[in-house]
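Each chain, letter by letter, is given below.
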Amino acid sequence: MDYLYAFLVGGGICVIGQILIDKTKLTSARILVLFVVLGCILGGLGIYQPLVNFAGAGATVPLPGFGNTLAKGVIEEVDRCGLLGVLTGGLKASAAGITSAIVFAFLAALIFNPKEK
Amino acid sequence: MDNSAKNKKLYQEMVKKASPNSHIIKDCVKAFVIGGIICCIGQFITNYLKELGLTQNDTGIYTSSVLIFLASLLTGLGLYGKLGKFAGAGSIVPITGFSNSVTSPAIEFKKEGFITGLGAKIFIVAGPVILYGVLTSVVVGIIYYFIK
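As given, the protein sequences belong to chains V and B, one line each in that order. Each step along the first sequence adds one to the number in this note's numbering, with nothing skipped, and position 100 is 96. Adding 10 to a residue's 1-based position in the second sequence gives its number in this note's numbering.
Don't take each hint at face value.
To be verified - As a list, the in silico BS3-like pairs of lysine-lysine whose alpha-carbon atoms are at most 25 Å apart:
no.	chain 1	residue 1	chain 2	residue 2
1	V	K21	B	K40
2	B	K121	B	K131
3	B	K40	V	K19
4	V	K111	B	K121
5	B	K60	V	K88
Everything labelled a hint here was simulated from the structure, so no lab data went into it. Since the structure is predicted, the reported quantities are computational estimates derived from the model, not experimental observations.
All chains, please: the whole structure from these sequences, using the hints.
Following this line, the structure appears as C-alpha cells:
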C-alpha cells in the first residue's frame, strides 16, 4: 500500500511541475528553486510533514521534500541551541544530500566524458 | 454525403479544440508515471533500510544518497538525459533531477579545467536551489525562534 501512495503523490507532484513547464514556460532551474522554496515554507508551517507521513518517499523524494528537510532541520536546531540553530540547521539537515551530490558528480566527471551531440 | 461532410467538419473542430492541450496531457502522464516510479524506487530503498533496523531519520538520508548516486551514474552513462527528454518534469522534480543537475555540468565543463571549469560551473543549476533553499530556511528559523 505504501508503494501506491508513494506513486500517486510523487507522480502528482511531478505533474504540477510539468504543468508549470508547459503552461508558464518556466525553465527547469526555476521550477527546482520554486519547489524547494515552497517545500521549505510548507515545512515551516508544518503542512508538509503530514504528507510525508502519508506518502513516504512519494513526498520526500521530490524536491519539496528537500525544502521540508531544510525547514525541519532549522526548527530542530533552534529547539536544541536557540538562535544559532537558524544558521546551522538548514545545511546540517541537508548536508548528506549536498555532499553526496558533490562527491558522486565529481567521480562521474572523472570517469565519464561528455556524450557527442 | 452531406452528413459525412458535417461529421468531418465537426471532427476537425474537435481536433482543433483538443490539440493545444493534448500534448500537455501526454507530458503530464509521462511525468506522472516516471516521477511515480522514481518515488517507488525510493520507497523500496526506504523499506529495505528500515528492515535493517535503521532509524527513520537515517533511512531518509541514506535513501536520498542512494538515489543521488544512481542518478549520477545514469547521467554519466548518458541515460538520464534520455530519460529526461521522455519524462520532462518526472525526471527533473525528484531528488534524482537535482543530482543530474550537479553531475551534468560537472562532466560538461571538465574540459575547461578542474578549477575554473568543473569547479566553478558544477553548481550552475543546483546553486540557485541551494541558495534560495537555505535563505528560506533561515527565514523559517528566525520566525520560528520568535514565535515558539
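A quick look at each hint next to the structure:
no. : hint            : result
1   : V:K21 - B:K40   : holds (18 Å)
2   : B:K121 - B:K131 : holds (12 Å)
3   : B:K40 - V:K19   : holds (16 Å)
4   : V:K111 - B:K121 : holds (13 Å)
5   : B:K60 - V:K88   : holds (22 Å)
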